[in-house]
Amino acid sequence: MFNDIIVQNFSNPTHATELLQSTDTIELGNPVCGDRIKVQLNIQNGLIQQAAYAAWGCATSLATGNVFCKKIQGAAVVDIRNLSKEDIDKMLGELEPAQHHCLEMLHNLFAKFQQITHV
Amino acid sequence: MQQQSTTKTLRDLGIDPLKAAVASVSELYRLPQEKLDAFKAELIIDSFRFHYENNCYYRDACNDKGITPADIRSFDELIKIPLIPIAKFKSASNHELLSKPLNAIEHEMRSTGTSGVPSISRRCSPTIDLAVSAIYAMYREFLGISKGAGLYVCPSTEEIPEMGMIKALNMLAGLLDTHRFMVREERFIPEDAIAQLASWEKQFTRHIIGPPFLIHRLLQFLKQTGQKLKLDNGSMVITLGGWKRFTGQMISRKEFALLCDEYLGIPPCGIRDIYALVESNVMAIDDEHQVKHVSPYVHFSVRDMNDLSREVPAGEHGVLAILDPLALATPGMILTEDIVSLVPGESPSGRSGQRMEYIMRAPSSLEFGCCAVNLERKMDEDEKAENSCPVTA
Numbered sequence: 012m013f014n015d016i017i018v019q020n021f022s023n024p025t026h027a028t029e030l031l032q033s034t035d036t037i038e039l040g041n042p043v044c045g046d047r048i049k050v051q052l053n054i055q056n057g058l059i060q061q062a063a064y065a066a067w068g069c070a071t072s073l074a075t076g077n078v079f080c081k082k083i084q085g086a087a088v089v090d091i092r093n094l095s096k097e098d099i100d101k102m103l104g105e106l107e108p109a110q111h112h113c114l115e116m117l118h119n120l121f122a123k124f125q126q127i128t129h130v
Numbered sequence: 019m020q021q022q023s024t025t026k027t028l029r030d031l032g033i034d035p036l037k038a039a040v041a042s043v044s045e046l047y048r049l050p051q052e053k054l055d056a057f058k059a060e061l062i063i064d065s066f067r068f069h070y071e072n073n074c075y076y077r078d079a080c081n082d083k084g085i086t087p088a089d090i091r092s093f094d095e096l097i098k099i100p101l102i103p104i105a106k107f108k109s110a111s112n113h114e115l116l117s118k119p120l121n122a123i124e125h126e127m128r129s130t131g132t133s134g135v136p137s138i139s140r141r142c143s144p145t146i147d148l149a150v151s152a153i154y155a156m157y158r159e160f161l162g163i164s165k166g167a168g169l170y171v172c173p174s175t176e177e178i179p180e181m182g183m184i185k186a187l188n189m190l191a192g193l194l195d196t197h198r199f200m201v202r203e204e205r206f207i208p209e210d211a212i213a214q215l216a217s218w219e220k221q222f223t224r225h226i227i228g229p230p231f232l233i234h235r236l237l238q239f240l241k242q243t244g245q246k247l248k249l250d251n252g253s254m255v256i257t258l259g260g261w262k263r264f265t266g267q268m269i270s271r272k273e274f275a276l277l278c279d280e281y282l283g284i285p286p287c288g289i290r291d292i293y294a295l296v297e298s299n300v301m302a303i304d305d306e307h308q309v310k311h312v313s314p315y316v317h318f319s320v321r322d323m324n325d326l327s328r329e330v331p332a333g334e335h336g337v338l339a340i341l342d343p344l345a346l347a348t349p350g351m352i353l354t355e356d357i358v359s360l361v362p363g364e365s366p367s368g369r370s371g372q373r374m375e376y377i378m379r380a381p382s383s384l385e386f387g388c389c390a391v392n393l394e395r396k397m398d399e400d401e402k403a404e405n406s407c408p409v410t411a
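Heads up: the sequence lines are chains U and P, in that order.
Throughout, this note's numbering is defined as the position within the first sequence, counted from one, plus 11.
Throughout, this note's numbering is defined as the position within the second sequence, counted from one, plus 18.
Note that these hints are calculated values from the structure, not bench results.
In this text, all values refer to a predicted model and were calculated from it rather than measured experimentally.
Don't take each hint at face value.
[To be verified] Here are some of the chain U residues that sit facing chain P, going by a computed Cβ distance under 8 Å:
(1) ASP46
(2) ALA65
(3) GLY68
(4) PHE121
Every residue, glycine too, gets a C-beta built ideally from N, C-alpha and C.
Using the sequences and the hints given, assemble the complete structure.
As C-alpha cells, then:
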C-alpha cells in the first residue's frame, strides 16, 4: 500500500518538530478528507535555514510534510521557486489512487511557498 | 489441577484464537458468564503483551505506570491495563501508535468528527481479516439479514471511501439483494427515497439504513406530508452514528420509534441501533428488546469520571474504556470520550456478555458529535441557501 518514500518519511519524520523562531508559516487543509499540514520556515538572506512541520491525517499526508521540508531545508529560495511540476510529481513516488490527494497537497505547499516568497 | 488455557488449546490445534472468537459470536454469547470472561481475558492479555513488546510508545506509557505483562494475569486484573486516550488517534504524533511497520498496514480509516481534525485508525491485513469476519458475524447475530433491499439514507462509499461509519454500513449491503444510496453530493430528497421504497414493494423486504438524523428527516417529511407507509414483515430500521443533531438537540429514541411505527409500519423490535468506533473493532448492536450487546470478545470497562482508575458498577454512568484484542496494528486499549453505562442483570434475549447504553459524548470532549453531524450541518446550510430569498439588496 505504501511505497518506500512514504514508509521512510512517515516512520522517520526528521522534520516533525516545532520551530521556536520562524519567519514564515504555510498552512493548508484538504476540506474533503480533513488532512492538514502546517509548515514553519526560517528564511534568512534567501536561504531556507530551517523547515519543520506538523501534519494531521493519513500516513501519506504525514510523509508529505516531511518530504516537503526535507526538500527545501538548506536550499536557496530561488532554487525551490524554480522547481518544475515534473520535479514535484516525482517526490512522493508511485502512489495508489486513494493517496493522490497528497500529491495535490504537495503541489499546494510549493504553490504557497511561491506566494510567500514572491518579491 | 490448573485449568488448561483455551487459547493455548486452540493454538495447539493450529487455530488462531482470535479467528475462532470472531467466528463463534453466537456460541460465545451462550457461554456461562464466568467462562466467557476467562476466555475474553486470555485474548486481551495476549494482545496487551503483544503491544507492550512491539510498541515503544505504549511500552513507555506502561512502564511510567509501573505495569508490565507480568501484572495482568486474570480477568480481574484487566482494569490495570494502561489506556490510550482516543485523542492520540487525532494527534500529529499518531504514527507512534503503530505496533507494526507502516508497510504492514493495509487500510487507513478515518472519522472526521466535528472538530475538523481526522481521527485515523490503521489496520494491518490480519486485523482487517478479523474485523471483516467480526462485523459480518455481529450483523448475522443481531440483524439476521441475508436478503432484501436496503434504502441507504446516507452518502455512498464512492463519495466518502475512507469514512468508517459508511464503510461499516456498506458491508451490510453485501448481504442484501439490492440497495440504493439516497444522499448524493450532500443532498437528500425525501420524495426520491419514498419512490425508491415504492419501486421495491412486493419484490423485496425493505430495510432503511443510515445515521439517525437522516432517517429522522425522512420520518419528519412523511409526518408533515401525511404519508403513512407500511413496509414489510421483517423490515428493519438500522441506525449507526450519533443521536445528537448539529444544533445540539438530541433526537429522542422514543419519538423516533413512535415515528417508525406510525409512518413506516416498523415496530420497535425492528429498530436496531449500532454503536461503533472507528478506532476500535467493537460493535454493540441492539437486540429485539433494543438492548445493545457488546462484541463478546471485547471488554467494556466503565470508569468513574472523577477517578479513571476505578470502575463504576453496572447501571451507573461513566467513561467508556475499551479493551479490544482484535487490534493488532495499534493497541486496542482505548479510553474513549463517550459516557455509557453497562446494563445490569440478565439479558431477556438469554445472551451472556456485556450490554451497554450510550448516554452522551463527554462534555470535556473536543468532539461535539460523530462525522454524520458534519454532513447534517452542510446539508442544512445548503438547503437554507437554496430556500433563501435571492434578492440581496
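A quick look at each hint next to the structure:
| no. | hint | in the structure |
| --- | --- | --- |
| 1 | ASP46 | holds, 7 Å |
| 2 | ALA65 | holds, 4 Å |
| 3 | GLY68 | holds, 6 Å |
| 4 | PHE121 | violated, 21 Å |
In this structure, only the earlier hint numbered 4 is contradicted, and the remaining ones agree with it.
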